[in-house]
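**Student:** Protein chains in written order, with the numbering used here: chain A, 194 to 506; chain B, 183 to 468; chain C, 17 to 431; chain D, 10 to 257.
Hints listed in this document are in silico derivations from the structure and should not be mistaken for laboratory results.
Everything numeric in this text was worked out from a predicted model, so none of it was measured.
For glycine and all other residues, C-beta sits at the position ideal for the given N, C-alpha and C.
Mixed in with the good hints, there may be bad ones.
[To be verified] Cβ pair distances, simulated, as ranges:
{"id": "1", "chain 1": "D", "residue 1": "Met39", "chain 2": "B", "residue 2": "Val457", "range": "42 to 52 Å"}
{"id": "2", "chain 1": "C", "residue 1": "Ala387", "chain 2": "A", "residue 2": "Leu296", "range": "35 to 45 Å"}
{"id": "3", "chain 1": "C", "residue 1": "Thr407", "chain 2": "A", "residue 2": "Ala284", "range": "24 to 34 Å"}
{"id": "4", "chain 1": "D", "residue 1": "His104", "chain 2": "A", "residue 2": "Ala284", "range": "44 to 54 Å"}
{"id": "5", "chain 1": "A", "residue 1": "Trp500", "chain 2": "D", "residue 2": "Asp83", "range": "37 to 47 Å"}
[To be verified] Derived DMTMM-like pairs (lysine to aspartate or glutamate); straight-line CA-CA distance at most 25 Å:
{"id": "6", "chain 1": "C", "residue 1": "Lys212", "chain 2": "B", "residue 2": "Glu272"}
{"id": "7", "chain 1": "C", "residue 1": "Lys76", "chain 2": "A", "residue 2": "Asp472"}
{"id": "8", "chain 1": "A", "residue 1": "Lys491", "chain 2": "D", "residue 2": "Asp105"}
{"id": "9", "chain 1": "C", "residue 1": "Lys415", "chain 2": "C", "residue 2": "Glu430"}
{"id": "10", "chain 1": "D", "residue 1": "Lys130", "chain 2": "D", "residue 2": "Glu141"}
[To be verified] What the simulated footprint calls covered on chain C by chain B, stretch by stretch (three residues with Cβ under 8 Å from a Cβ of chain B suffice, anywhere in the stretch; the number is not a length):
{"id": "11", "stretch": "174 to 185"}
{"id": "12", "stretch": "211 to 225"}
{"id": "13", "stretch": "255 to 264"}
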Amino acid sequence: MTRFASMRGWALTLIALAMLPFILPSDYYLGIATHALVIAVLALSLDILIGQGGMSSLGHAAYLGVSAYAVAWTTRNAGWPAYAAIPFALALGTLTACVFGVLALRARGLGFLMITLALGQVMWGAAYRWVDLTGGDNGIRMQARPVLLGFDLNNATNFYIIVCAVLLTTLIAIYKLDHSALGACLRGTRDQPRRMRMLGHDVWKIRFVGFVSAGFWGAVAGVLYAYDYLYVGPSALSLPQSAEALLMVVLGGAGTLAGPVAGAIVITVIKTVVSSYVDRWYTLLGLTFIIVVSVMPKGLVPGIRSWMKGNRA
Amino acid sequence: MQFWIIQTLNSLAMGGLLFLLSAGFSLIFGLMRIPNLAHGGLFMLGAYVGATLLGQSLPFWLAAIVAGALVGALGVILEGTLLRRMAGNEQGQVLITLGISFIIADLCLLSWGGDPVPLAAPRGLRPPVFLAGFAFPGYRLAVLGFALAAALGLWMLLERTRLGAMIRAGVDDREMARSVGIRVSRLFSAVFFLGAFLAGLGGVIGGPILSAYPGLDADMLPLALVVVILGGVGSLPGALVGSFLVGIIYNFGTALFPDFAYVILFLPMVVMLVVKPTGLFGRAMR
Amino acid sequence: MFQLSRRGILKTGLGASALTLTGIPARAADPLRIGFLTVKTGPLAAGGIQMEQGMLAWLKLNKNKIGGRDVELMVADTNGVPATTRTKTQELVERQGANLLIGPLAAFEALAVADYTEAHKMPTLGLAAFDEGTQKGAQKYFARPTSSAGQASHVLAAYCYTELKMRRMAVIADDFAYGHQQTSAFLRVFEDMGGKIVQKILPPLNAPDYGTYISQIKTNLDGIFMGFAGSNGFRFTKAFFEYGLGGKIQLVGGLTAMDEAILQQTGEDAVGIISGNFYTPSLENPENKAFVAQMNADYKADPGYYACGPAIVAAVLDAAITKLGGKVDDPDLLISTIRSNTVPNTIRGPVKFDAYGQAIGNIYVRKVTRAGGKNTNTVIKTYENVSQFWTYDPAEFLKNPTYSRDWPVAKNLEN
Amino acid sequence: MSEIPALEIASLNKRFGGLAATRNVSVRVMPGERRLLIGPNGAGKTTLFNQIAGDFLPDSGSIKLFGQDMTRLDTRHRVRMGLGRTYQILTLFPHDTLRHNVALALLGTEGGGWSFWSALKGRHDLMARADEALGQVGLAEVAGRPVSQTSYGERRRLELAMALAQKPKVLLLDEPLAGLSADERETVRLLLEQIPRDVTIVMIEHDMDVALAFADRITLLNFGEVVLEGTRAEVIADPRTREVYLGH
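Whenever a hint applies, use it, and build me the whole structure from the sequences.
**Tutor:** Okay, here's the thing in structure tokens:
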């Protein structure tokens, strides 16, 4: 029953997303929808760590940033075509996650949070300072989005469709991971690492694989980010970006598929739409953090679900 | 030779300032396991409030204490209303304190505007002191002295008073503290007051060097983090040694390896976390 | 090419009045929709708020009219984050139907939206001082009535060499593009004239303390050039005095190192500091006097680098749109009119544009004086009609790399 | 008998701060043997288990499984060598089904935990073997139920099923009967009896009625030290046993 209800919910959501280009009055709104869904991929990737692995990271934007820089640099400075730039960016982003994983997985809980934060700051510092490679604070611009498989991504609707498709792929992959043996092991290491060890599992390796797959999907978000904004600068891998991704996950509901997407949409709307009408939107964003965490500690999606259940009963 | 002497003095003076910044952060982190990301905001708020009080021609040291107390009171309110309910939920605490820091930053901007607000040092401490042929800012030496005095005071508080004994017990083992009848909630309020008080006080004392400006919070918070990670969580000697260590790394590091200035503090932090996650003086975190 | 021919046509007959008579009359009832990109939250908000204040003060003085049309000012807060800047730009252009844009504040923001505004043929009046905007990356729909990053540095270097007879100098600047470009421009002219930059210090933008850097400064210098942004110039100067160096070495500042926003806070320490800028509130022209009075009345502050920009932009726009009879529908015509105009009476003095969209105008060398407890950047020498290329040939100039951390190479550093 | 012991602990020492938790402990358990560890609370029984399992390393001494040294090995390698363990305090995955819990145990020893695409539920062979293991402990009917909806006794049996599913050669049982009703004890006792003799068992248990009947040999620990070791009768008869328990 609930399974059916949730499948129906997903189907409706997907149809709504697919209809968006025809409903929205202008490319501007479609652009905002695109931004939200791009960042939703980042939030989803972080949720592999948080929801399944129980590891809150404050350096997750690093993979987005590295991969976005890789796309921009190879496209702009080396003239690579997209089909070369994208795999390279994904590989580089994933490699970054491997290095981060080796360093950060020595600790748990707060220690883990602090290492990821420090590593993220190091990456930010490098992006800011390594001007030859990154253009420093000026960042790297790209002229145009590529044409992929005859699909001109410079058209807002086309790009939106691609982003939707990638988001859907991410959702399916995470759903599959969630129900796979690895997903089960990952949750096992989250809840009872000692027990998992006693059952013969390589806890470190399981966490590492979870960490790196989160990094991979973060890198996927980075590719989309680079093509979405056609610009990459240090702010793409800054602490606020990482913290925002964390907030999106917690806001929407960690460990759920819909949660991070909902969180990404809410935060994007506050930042882009609400900020046009409310001068003190920064305070509002802070209040959102506080209210959501205090009132719905499990996040919007589980919160609303249980509220609806309560109403029905 | 002069380079080494003056950079050492710089390191020590900056270490003193960092100690005032991070002692409270470390206490709260150690006892309550709250990574208080609003600490930079509280420090900045202290600086702004201090500037306003100085504008009312309060004496400097009184302004520092009043600003500290006001920020401390705010800390107690935040702890009681928002953070206590989040006990044990680190992720929730991180996000709430981050939210608080956003609000503090935005309201400071609203109240004091965007231009930097200077804080005047006490008149007698303004002129440079001449030591063996070169000048060194008198106020910075005073800050170093004050930080050492504050460290001594805190040490006395922690080692010689009943409150201190309870705090230490709580840092070591919270369950144990509870089981021997310490009212942990009241203790937490006290610690949060103390931590926020130190942040506010530090903001005023650091004011003549740093001045109050938007972004001061974001500039200071990472420093507090680095100090605490290097020195060890919840350890007063750790915070003191960590502060001086960061002062030394920053001053000599940026002078000797200018290309690494942007990451000079985070690289040692990563190394420390990987090699000795508890920091120099810290005990294992659960 | 296209620009030039368009300009040619304008010059050879189609005057403004002719256009109004022959073209579709502008509907004066419709307001002129100006998208204003600024920063009102986050660490860059100080400048962004002043930017908005400057714009509002000018509009108030001019009865909310530019080129005879009512203005609808649409202010967007970018938070100083380029991704947000891009979204906000899209909002202003696509949703709010802006006729033109003013801003954004920071160079990296401007770079992030440059391709977008070009692609959408959106006339953009730039404020951020970055050399790319009007040099190698010069854009068609862009004009900057303020200055490039290096424009005032060139002048200042010449002043230091010629008037102050300085020969050995150090440069210190924030370690980001704006700081690099200011110092590199200074370095180039100073060394081309025969001076030596013997020390180059680049503290990180978010340096918590300048003590360590000040301790490194050589003592046998004729002067120090400061390429600081935000409050860093103020913080550096204060520390400079704390370390007992005040008055011993002449400080010379770029566009923002001694900005009005921090001038009063710096107190007596500021006295005697020399800086170069395209504007200063003590200018005697009537437009400026009225503007400064308005700023003082509304915000109790003298306009500085950030506040003056929009007022200069507004005057340039006013002239161009008046010439066009209020008609702004054709972006090509609007931008070419802006660029081909000479505006005699902005608050910074006369403004005209070069072929790259950068204003050619006065650069003022100023010295801080103090009277009645108030600091003033007093003009001590005016260089007229200064190009962003200084005295270099533009074509030759553009063959070189854009000013950066590493170019021109400082050949005379002593360690 | 020159047979290689299933588990051989030699001169093991472990100190925590100033406290000696394990003092020069040497124990040899022969293949197929049922060994009971007894001793008052704090005698160091679970600490010893933790060191055998590899939760932490001893300061000195050695631990061998069938002659192979594993003193410094990772827990998971010990498990692969044939070590199994149940816990005194239940540490199961409460939101998952019993079947899922056993499947995790199977994945631990057999590998195959790296699949990130195919659904765990769809691994029919794995699930069948998990059901089989649950059948052995009489939990076949509730295999699809989440652990949180089962009784305490059922969870104890699930612990056993998870350990047995891994086909251990040496099984450490930490108080398998603790907290059970008389009926449940009897059930578990029967299950323990049914474990074939190719599994060597070392058990900590306070329920002397069951434990003494089950054990071949008994080791008495106190203050981290082996006080004595012998057959059931020897240990019961020894005055030191009374001393340790009554003197405490």
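**Student:** For each hint, tell me whether it holds in the structure or not.
**Tutor:** Against the structure, the hints:
For the hinted restraint 42 to 52 Å between Met39/D and Val457/B, the CB-CB distance of approximately 44 Å keeps it satisfied. Evaluation of the 35 to 45 Å hint for Ala387/C and Leu296/A yields a failure: the beta carbon distance comes to about 59 Å. The beta-carbon spacing between Thr407/C and Ala284/A, approximately 50 Å, falls outside the hinted interval of 24 to 34 Å. Hint check: His104/D to Ala284/A, Cβ distance near 36 Å, so the stated range 44 to 54 Å is violated.
Judged by the Cβ atoms, the range 37 to 47 Å given for Trp500/A and Asp83/D holds: they are separated by roughly 45 Å. For the hint linking Lys212/C to Glu272/B, the alpha-carbon distance of about 55 Å lies beyond 25 Å, and the restraint is violated. Distance restraint check for Lys76/C and Asp472/A: the Cα-Cα separation of roughly 21 Å lies within the 25 Å cut-off, and the hinted pair is therefore satisfied. With a CA separation close to 19 Å, the supplied pair Lys491/A and Asp105/D stays within the 25 Å bound.
Between Lys415/C and Glu430/C the alpha-carbon distance is near 29 Å, which puts this suggested pair outside the 25 Å criterion. Between Lys130/D and Glu141/D the alpha-carbon distance is near 15 Å, which keeps this suggested pair within the 25 Å criterion. With 0 residues bearing a CB less than 8 Å from a CB of chain B, the stretch 174 to 185 of chain C misses the requirement of three and the coverage assertion fails. Coverage of the stretch 211 to 225 of chain C by chain B holds. Counting CB-CB distances below 8 Å, 8 residues qualify, and the rule asks for three or more.
Check result for the stretch 255 to 264 of chain C against chain B: holds, 5 residues qualifying (beta carbon to beta carbon below 8 Å, three or more required).
In this structure, the earlier hints numbered 2, 3, 4, 6, 9 and 11 are contradicted, and the remaining ones agree with it.
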